[in-house]
Every structure is written in structure tokens, then in C-alpha cells.
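Please model the entire structure based on the sequences and the hints provided.
There are 2 protein chains.
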Amino acid sequence: MQGLRVVLVSPRNPLNIGAAARAMSNFGFTDLALVNPYDLAFREAQSAVNADHVMQAATVHDTVASAVADCQLIVGTTGGDHRELALPLQRLEQGGTLIRESGAQVALLFGSEKYGLSNDDISHCHWLMRIPARPQHSSMNLGQSVAVCLYELIRSEVPEVLPVAPAASHQQLNVLQERMAEVLALSGYADHTATAGADQRLRLLIGRMGLSRRDAEIWLGVFRQILWKLRH
Amino acid sequence: MQGLRVVLVSPRNPLNIGAAARAMSNFGFTDLALVNPYDLAFREAQSAVNADHVMQAATVHDTVASAVADCQLIVGTTGGDHRELALPLQRLEQGGTLIRESGAQVALLFGSEKYGLSNDDISHCHWLMRIPARPQHSSMNLGQSVAVCLYELIRSEVPEVLPVAPAASHQQLNVLQERMAEVLALSGYADHTATAGADQRLRLLIGRMGLSRRDAEIWLGVFRQILWKLRH
Chain E
2 MQGLRVVLVS
12 PRNPLNIGAA
22 ARAMSNFGFT
32 DLALVNPYDL
42 AFREAQSAVN
52 ADHVMQAATV
62 HDTVASAVAD
72 CQLIVGTTGG
82 DHRELALPLQ
92 RLEQGGTLIR
102 ESGAQVALLF
112 GSEKYGLSND
122 DISHCHWLMR
132 IPARPQHSSM
142 NLGQSVAVCL
152 YELIRSEVPE
162 VLPVAPAASH
172 QQLNVLQERM
182 AEVLALSGYA
192 DHTATAGADQ
202 RLRLLIGRMG
212 LSRRDAEIWL
222 GVFRQILWKL
232 RH
Chain L
2 MQGLRVVLVS
12 PRNPLNIGAA
22 ARAMSNFGFT
32 DLALVNPYDL
42 AFREAQSAVN
52 ADHVMQAATV
62 HDTVASAVAD
72 CQLIVGTTGG
82 DHRELALPLQ
92 RLEQGGTLIR
102 ESGAQVALLF
112 GSEKYGLSND
122 DISHCHWLMR
132 IPARPQHSSM
142 NLGQSVAVCL
152 YELIRSEVPE
162 VLPVAPAASH
172 QQLNVLQERM
182 AEVLALSGYA
192 DHTATAGADQ
202 RLRLLIGRMG
212 LSRRDAEIWL
222 GVFRQILWKL
232 RH
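For the protein sequence lines, the chains are E and L, in the order given. At position 219 of the first sequence the residue is numbered 220 (the numbering used here), and the sequence of numbers has no breaks. At position 51 of the second sequence the residue is numbered 52 (the numbering used here), and the sequence of numbers has no breaks.
Calculated directly from the structure, the hints in this document are not laboratory data. Being a predicted model, the structure only gives us computed values, none of them experimental. Note that beta-carbon positions come from the ideal geometry of N, C-alpha and C, so glycine has one too. There's no promise every hint is true.
[As the list claims (entries may be wrong)] Examples of chain E residues toward chain L, derived with CB under 7 Å: (1) 23; (2) 24; (3) 141; (4) 152.
What follows is the structure, given as C-alpha cells:
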């Protein structure tokens, strides 16, 4: 999502500014704007040893209007209720869909740590987005709010293919079953003359292990060794 | 989700411990366990002025095994790739569904800020869950990781009903249209003898405003005043 700008309005804590920039980098966003930040906080965040490319490229503005001047859709975030319903209020997952489907240059506004967005900040927005925190404790940490909102925005992107351990082959499992049956017999756990029912129960027991190819090799080795020991 | 325990393994930073507890409270989770925390960090987090009920009730353990002893499903979190595929790896949203549907007492493990979960920590898990951060910058802040995972877990709970501003009635809009038509005529914008086409265009223009009942009242007042001024 290249068309999204994160706008922090009057942030006061350098750790929060840095955390917001870090979450942006984690989730692939690059455009950070700060409105009227506490000066020392901004300099501290920007000069931190772990300040990344997002923080380095952040722009600073005197007003919300300046920070969002080239944007077509301005969305404010809130943990609490909508004040007097001056604007439509969307739940985060619905809002995320609206933002992704807008095709617009979007500004996502986060208020100061203590007071959130002011009524004046909100008057620049098209609608508000509510993070579904508990009503009894809806005030979220700024860096965490940014992380949760950005996660929601990238959540339904084309899922990456995660690596999966190759499963054991049927033949591996057959050999394992034979070896195990012999161990059970030699050890006295089962009668030497295996019945069809016992075979089936053993096959099911091994099947429920859900073995990977690699773990099947380990189990084959374990039973080979036990077998060797039992025979000598 | 009462059956979920957040387990922080070897956390080092009191701010991160506090942030994790805060996110838990935001999203309605109460069961926090710390394994081998840096002692000073834990005491500092627990005595912070804003330490909440989650932090106060946190339990401290020497080992992962002790922290998860009564759990039936142990899930580790990771930003990076799965080491050697020792365990199945789920994307966060899939993992969230598995956790919600398990009906089990679940432990969700988060590693230390610097190293994440160790191979030994991971050996206690049933599977791992990956937060979909960029592979180029997948190392997330601990407090933000906790917030994002817990958000995913409560995300599809029965959505709360958000307040919606009541819409304007058809009659309000009709009166507004009449008043506006008169203003347009008196001001010389439109001819006094309104045509059917002009009426329709005006109705569509007003319809596209998507007015709430309250905003319709404001516009009615605005045009009443303009009308009064134009007539005197």
C-alpha cells in the first residue's frame, strides 16, 4: 500500500514515534508525517540508533491541513466513541476494506498519546475508524494503535506461501508399521501371530502421528535399533 | 476469550511488559505469565503508576514448562521463518482461527525482545504462528506483537453495533429542495419558472449530500435565512 500516509498529530513521546515508524517498516509502509510534534521528542526519535528509513524520511508540519493537503481520503482513528456523530464511524476491519478499495491517496490520523484527536483534527476527516478495544479500557498505546491498524490493512494481502515440512510417504509408514509390529511381538507387548484387527489398530495409531518424512526417518531408526537390541 | 494465557519469555524491558499488559486489558485478556523476566524490569513494570489489573495479577515462573503446565495448546509466535520446520507454521489469521476453535486452555508464547523464542522454548509448542511482517524487517516490537496477535483473536467476535446518525426524512429533503429552488430563483442563479429537469437535478444534488436529520436541519436554517435576506 504505497498510497497511505500515517499522520501522528502532536505526538509527545519519542519512544511512541519510533514505535510507530517501526510498525510501518514491519508492515511495508513508508510515508510518515508528524504534525506539531514535541520538538525534543522528534529529534530524539530521529537520532535514535535504531531509527530506520521511515523515521529518517518523516516530514514535519505545523498543521493537519498541511500534512494531508495532497490526500483524497482522510481517516481519523479513535478508541472511544464518536463524539456527537459528527462523522461516520467504522469498525477497523470495515474501515480497512474501505481504505484498500478506495484507490485514493489516504491519510490515516492518530491523535496525541493523552487526548487523541481533537475536534479540530477530526473536522479534517471524511470518517473515523474505531479499534475494537474494550469500552472499559479503550485508550490504546500510540505505537500499538498504529501497529494494529497497519496490520489490518495488510492482513488480506495475497497470503505468502509458508514452508511446509514434506509428509512421510505411504511406503515409509508401511515399513515403520512392520518394524513396530516386530518390536511389539519380540518385546511381548503383542502376540507374535498378528491379527488383522491388531494390524489395523497399529496402522491407525501411526497414521494419527501425522509424520513428516524426516520424523518418519527418525522413528524408523528408533525401531531399527530397538529391534537390533531385542534380537541380540 | 478467558482461556488464553499470554506468556512473555525472558522479557527485559519494563516498558514492553507494561505495553503487553495494556494491550491485554484493551482487548479483554487477563491471564499474563512471565518466564524468567529481568527482575528489575518486572518490579518496575508492576509498580508503574499506570500498572493495571493484568499487570498486578501477572504470575512469574522459572521455566516455560511451569508457565504452561495446565495448558492444552501451546502456540509460539515468530516474526521470522520457521527454524528447520521443527513445527508447523501458521499465518496469524489462520492461527487465530485455530486458537479460537480449539476450545482449549491456550498459552501464547512471546520471546525476548532481542532473540525471540529459543529452540528450547519452541520445543514446548504445538505449532508456531507468524505475524505477517515484511521478511526484510520482520522483527517486531514486543508490545506491538502482543497487540497485533490479540487484536486478531478478538477481531471476528460478534461485532458491536456502532452508533449511526439518523438520516434525514424524505419530507425534510423536499422542504430543503423547495427552499433552495426559491433561493436559486431569487438570487438569479436559476430562472424563476423551474423546469422538471432543473427540479430533478436539484433533487439529485441534495440526495448526493447524504444528509443526516441534524445536518438537514442546519441546511434548512441556512436557506431559510438566505431566503429571508433575499426577500428584504
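Now the hints, each set against the structure:
no. : hint : verdict
1   : 23   : 6 Å, holds
2   : 24   : 6 Å, holds
3   : 141  : 5 Å, holds
4   : 152  : 5 Å, holds
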